[in-house]
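S.K.: For the record, the sequence lines run as chains A and B. Heads up, the first sequence is in my numbering, so the first residue is 4 and it goes up one at a time. Heads up, the second sequence is in my numbering, so the first residue is 4 and it goes up one at a time.
Careful: at least some of the hints might be erroneous.
All copies of an identical chain are treated as equivalent in the list; a pair is satisfied when it fits inside any one copy or across any two copies.
What the hints assert, rightly or not - Pairs of lysine-lysine, DSSO-like flavour, derived with a Cα cap of 30 Å:
hint, residue 1, residue 2
1, K245, K47
2, K56, K7
3, K64, K23
4, K64, K211
5, K38, K64
6, K16, K314
Because the hints were derived from the structure by calculation, they are not lab data.
The primary structure of each chain is shown beneath.
There are 2 protein chains.
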Amino acid sequence: MDVKQVMTEIGQKAKAAAAKLAYASSEAKQEALEKAADALIARKDDIIAANGKDLEFGRDKGLTDALMDRLMLDSDRIDAMAEGLRAVAAQADPVGRVLAEWDRPNGLHIKRVATPLGVIGVIYESRPNVTADAGALCLKAGNAAILRGGSESFHSAGLIHECLVTGLEAAGLPRDAVQLVPTRDRAAVGEMLTMTQFIDVIVPRGGKGLVGRVQADARVPVFAHLEGICHIYVDAAADVEKTCAVVVNAKTRRTGICGSAECLLVDRGFFETHGAPFIEDLLKAGVDVRGDAGLQAVDGVNAAGPDDFGKEFLDMVIAAKLVDGVEGAIAHIAQYGSNHTDCIMTQDDAVADVFFQKVDSAIVMRNASTQFADGGEFGMGAEIGIATGKMHARGPVGADQLTSFKYIVEGDGATRP
Amino acid sequence: MDVKQVMTEIGQKAKAAAAKLAYASSEAKQEALEKAADALIARKDDIIAANGKDLEFGRDKGLTDALMDRLMLDSDRIDAMAEGLRAVAAQADPVGRVLAEWDRPNGLHIKRVATPLGVIGVIYESRPNVTADAGALCLKAGNAAILRGGSESFHSAGLIHECLVTGLEAAGLPRDAVQLVPTRDRAAVGEMLTMTQFIDVIVPRGGKGLVGRVQADARVPVFAHLEGICHIYVDAAADVEKTCAVVVNAKTRRTGICGSAECLLVDRGFFETHGAPFIEDLLKAGVDVRGDAGLQAVDGVNAAGPDDFGKEFLDMVIAAKLVDGVEGAIAHIAQYGSNHTDCIMTQDDAVADVFFQKVDSAIVMRNASTQFADGGEFGMGAEIGIATGKMHARGPVGADQLTSFKYIVEGDGATRP
Chain A
4 MDVKQVMTEI GQKAKAAAAK LAYASSEAKQ EALEKAADAL IARKDDIIAA
54 NGKDLEFGRD KGLTDALMDR LMLDSDRIDA MAEGLRAVAA QADPVGRVLA
104 EWDRPNGLHI KRVATPLGVI GVIYESRPNV TADAGALCLK AGNAAILRGG
154 SESFHSAGLI HECLVTGLEA AGLPRDAVQL VPTRDRAAVG EMLTMTQFID
204 VIVPRGGKGL VGRVQADARV PVFAHLEGIC HIYVDAAADV EKTCAVVVNA
254 KTRRTGICGS AECLLVDRGF FETHGAPFIE DLLKAGVDVR GDAGLQAVDG
304 VNAAGPDDFG KEFLDMVIAA KLVDGVEGAI AHIAQYGSNH TDCIMTQDDA
354 VADVFFQKVD SAIVMRNAST QFADGGEFGM GAEIGIATGK MHARGPVGAD
404 QLTSFKYIVE GDGATRP
Chain B
4 MDVKQVMTEI GQKAKAAAAK LAYASSEAKQ EALEKAADAL IARKDDIIAA
54 NGKDLEFGRD KGLTDALMDR LMLDSDRIDA MAEGLRAVAA QADPVGRVLA
104 EWDRPNGLHI KRVATPLGVI GVIYESRPNV TADAGALCLK AGNAAILRGG
154 SESFHSAGLI HECLVTGLEA AGLPRDAVQL VPTRDRAAVG EMLTMTQFID
204 VIVPRGGKGL VGRVQADARV PVFAHLEGIC HIYVDAAADV EKTCAVVVNA
254 KTRRTGICGS AECLLVDRGF FETHGAPFIE DLLKAGVDVR GDAGLQAVDG
304 VNAAGPDDFG KEFLDMVIAA KLVDGVEGAI AHIAQYGSNH TDCIMTQDDA
354 VADVFFQKVD SAIVMRNAST QFADGGEFGM GAEIGIATGK MHARGPVGAD
404 QLTSFKYIVE GDGATRP
């Protein structure tokens, strides 16, 4: 197979499909997603059989239990995928929204209207359900999608993709609106990253290895985050009870997600007055707390090494440090953070405002668990990923963020003096 | 001079300044711009003297009259530059705007708030006034600016930059908020285009040669347009009188700007009924009209060559062609346009809607001159350029478009179930 040629053809087809999708009706897009959900349910047995082949391949390859679990599809998971498609179908159409509208003294009426971005490339690891989620969000926003799943999910992703195409055809939309790269050859990823003439944006979904490679090699713009090194700063004016609840939730609810807290910063004054009851709670919950010299005074706290700050543990481990007030916390986050999600615990509005202004992260929180850093929790219905860059999309990327805009300018024969 | 080292230092200083500008008060930014305007007026004689050196350099280099005119500064032009700074100063602060705000059933209150982009690089030709305009717009949006002017405007740009720094210092803002590259060495441009660790976006301002080079070589995101190949489509339902006025204005008001019309598409039915009175008007105004076979029936129309379609004449020349209805016009624009500004003349709302939906340009107009494609005319106060890409900014780029955003999430001790 000539990968370059295959990818060029996919790119051309995506571009042609995108031109048609740009003015597809809301009803057609909704119908395509609902019919795709129906197809997932109707073909459940086939999907489970295909997934069996993938699981066998994964076992032979020696995948970890965690990766095998991500790869596995059963009846409940297929139901959940279909529900996800129906939820995206039910959302408001992001295309055509009037983002702003005004009149000018020169007689012009100007509107800024949301339009699709064009063609979106999604590169992901072996979670077959991303095929459905990502395809659905791209389609909802009127974009053509080129999906490249992990090699271990090859068969499952192929069948899920067939269901999406069934939906597209039932709704009279171009079948090339969602394409799946039909090869396990890694060269296909390299092609996607440089196909600036065909792909408008790339969304990588997966671990640091995948995202880092995409960010380093892509010539196409990328919506992504490399790491989620989320901090919680406990201010002098923090409420002790709320802080205990939020800190434990932020670290332990799920440790493997990007919104999990990785570092605790405690105001020195708070510590002198109240101690660190939330650290005791973390220790009770079985967390390995790695503290600086000051916090090692708490029984059970281990000594932090220099590499423990700025580290994404994704595990029952947290770094912890005393800082001098909100400015100390801000300076630490500026040096070690990853611009993902950072939180302040305080009852003091003025201190919270300083934190909100000076912490340069996609999401800044107050008195809330960093585990809320999620498109679903934000009310976006679903997310294709979380972006920490500043260009175009930032934070959870839902269908709205997969749009661009144009200006529509109407006059009555207006000429410029 | 070690250009790489000089540029790295500039990048580091810009990054440090941007971190402070991100939370500079609206008042301080306003004061800096007003004091810079005062400085321009106070140092008018010095600026004119420095410009004299640039004009001499330009003459020796054999610049055309048009380029010499762009380079020249006199008392009126310096007054206009100062007025421009005061106008930007008076605008509302784009930073801190609440772009959206909502409550969630999980107890969170979420706000999407505008933030600065960071560091903006501006690469321009020998128009010294861009130093003031671009510096002001970047500062207004809380961004640090790295300005690289054309070598012919070296001395004038240097003095204008000094005035900006005077304003920054008077307002207590970091002097590195606006930096001017202190060398004529072209290698500095190459450094800027690849300084992804320091520069968030590059705005090239100038001709196709400059913009093309920047777009080809930049690793940093770029806001720009390569060409303005603007079309006017005269629909079957066009008003004849309005069309004549708009077509003549769109072509002849100023031929050297990117919003000037370069191609006229005429519905075949319209032509059979009404002829092409606007072509007669163009001819009377001295325009070289290059028509296809059908339009050559009009006395005085020259034969269009195949290269005349999709060409940016920037002169008293226009290509013209008969098309079959709005779909014919849309197909022509898709093939030959530059996604800048395209206009339909029609009294039929349904036809206008088809044009608005299917023409994929930053600005789509109806019954208005394409020469309105301008940030000032749009009410943005000023523009740093016009972008035809779909990422982040599109159309005229004012201070608002030089911002990013963050999410501010507030809870009352909320934990995620």
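S.K.: When the hints from earlier in the document are held up against this structure, which numbers fail?
M.R.: Numbers 1, 3, 5, in rising order.
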